[in-house]
Amino acid sequence: MPYYYFNTSYILYILPGFLLALYAQAKVKSAYQKYGQIASGSSFNGASLARKILDDNGLQGVSIHRVSGNLSDFYNPADKTLHLSEGVYSQSSVAALAVAAHECGHAIQDAKDYFPLKLRSYLVPAAQFGSNFAFILFFAGLVFSQFLMNLGIALYAIAVLFTLITLPVEYNASHRAKDILGGLLPGNEMQGVNTMLDAAALTYVASLATALGTLLRLLALSGNRRD
7 MPYYYFNTSY
17 ILYILPGFLL
27 ALYAQAKVKS
37 AYQKYGQIAS
47 GSSFNGASLA
57 RKILDDNGLQ
67 GVSIHRVSGN
77 LSDFYNPADK
87 TLHLSEGVYS
97 QSSVAALAVA
107 AHECGHAIQD
117 AKDYFPLKLR
127 SYLVPAAQFG
137 SNFAFILFFA
147 GLVFSQFLMN
157 LGIALYAIAV
167 LFTLITLPVE
177 YNASHRAKDI
187 LGGLLPGNEM
197 QGVNTMLDAA
207 ALTYVASLAT
217 ALGTLLRLLA
227 LSGNRRD
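Under my numbering, the first residue of the sequence shown is numbered 7, with each subsequent residue one higher.
Derived by calculation from the structure, the hints in this document are not laboratory data. Just so it is clear, the structure is predicted and the values come from calculations on it, not from any experiment. Treat the hints with caution; some may be incorrect.
[Unchecked claim] Here are the simulated lysine-lysine pairs, DSS-like style, with alpha carbons at most 30 Å apart:
hint: 1; residue 1: Lys118; residue 2: Lys86
hint: 2; residue 1: Lys124; residue 2: Lys58
hint: 3; residue 1: Lys35; residue 2: Lys58
hint: 4; residue 1: Lys35; residue 2: Lys184
hint: 5; residue 1: Lys86; residue 2: Lys58
hint: 6; residue 1: Lys40; residue 2: Lys124
[As the list claims (entries may be wrong)] Simulated restraints on C-beta separations:
hint: 7; residue 1: Val149; residue 2: Gly64; range: 55 to 63 Å
hint: 8; residue 1: Ser78; residue 2: Leu125; range: 32 to 40 Å
hint: 9; residue 1: Phe24; residue 2: Val149; range: 38 to 46 Å
Note that beta-carbon positions come from the ideal geometry of N, C-alpha and C, so glycine has one too.
With the sequences and hints as input, model every part of the structure.
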């Protein structure tokens, strides 16, 4: 059974996404370390910038909260709250402003009923369920029945769909952030903003590549079982 799953073709399906993920994470870490050390010439820190962006877009009802962790920032459309990490909330670095503006981009998407964001929110429960149980059903199917394998593949496909829909959501949020910051920061700081957000976006491409590679591998294994 171990050989049935971990043979040389496994590397062909998984390795590209894995290597891209390593590269993307290195790019994000490098960009965050570099531009996290460069103070913005503006009067904003992450929290005050977020408050300005939200208020300028009529989102006074969105509250801002400080959360622990590094790059643990997120916007929650369920309760209209924006969460900024310790390194973003009170910092005035170029990296902090880029991250804060990006998360505000998600809040603006929500306010404007941006369809990919709405669709992703609807898919969250199904994607979480699929991620948790897809492999259990698939490997049970290797032993017991093709039906269980197919069910596992279908569940994992939902998780892949979620990852696919995440791409336009994240790229659009970054595009909104760049447009907003372009009117607030000088050109030399915008270079850092662009580098930071482009590196972060690459991580989502890597996640999709990894998920697609895994799905293709499951499909290949399923075909081998039928043969």
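| query | Holds or violated: Lys118 with Lys86, Cα cutoff 30 Å? | reply | holds (13 Å)
| query | Is 32 to 40 Å a correct range for the gap between the Cβ atoms of Ser78 and Leu125? | reply | violated (24 Å)
| Is the hinted pair Lys40 and Lys124 satisfied, with a Cα-Cα distance of at most 30 Å? | Not satisfied, since the Cα-Cα distance of roughly 34 Å exceeds 30 Å.
| message | Holds or violated: Lys35 and Lys58, Cα atoms, limit 30 Å. | response | holds (27 Å)
| request: Measure nothing beyond the straight line between the CA atoms of Lys86 and Lys58; if it is 30 Å or shorter, mark the hint as holding. | output: holds (16 Å)
| field | Range hint compliance [Cβ, Val149 to Gly64, 55 to 63 Å] | value | Taking Cβ atoms as reference, Val149 and Gly64 lie about 56 Å apart, which means the hint holds.
| request: Given the range 38 to 46 Å, decide if the beta-carbon distance of Phe24 to Val149 lies inside it. | output: violated (27 Å)
| said: Does Lys58 sit within 30 Å of Lys124, going by the straight-line distance between their CA atoms? | reply: Distance of about 24 Å is within 30 Å: holds.
| Would the pair Lys35 and Lys184 pass a check requiring their Cα atoms to be no farther apart than 30 Å? | Holds, at roughly 20 Å.
Of the hints listed earlier, those the structure fails to meet are numbers 6, 8 and 9, in rising order.
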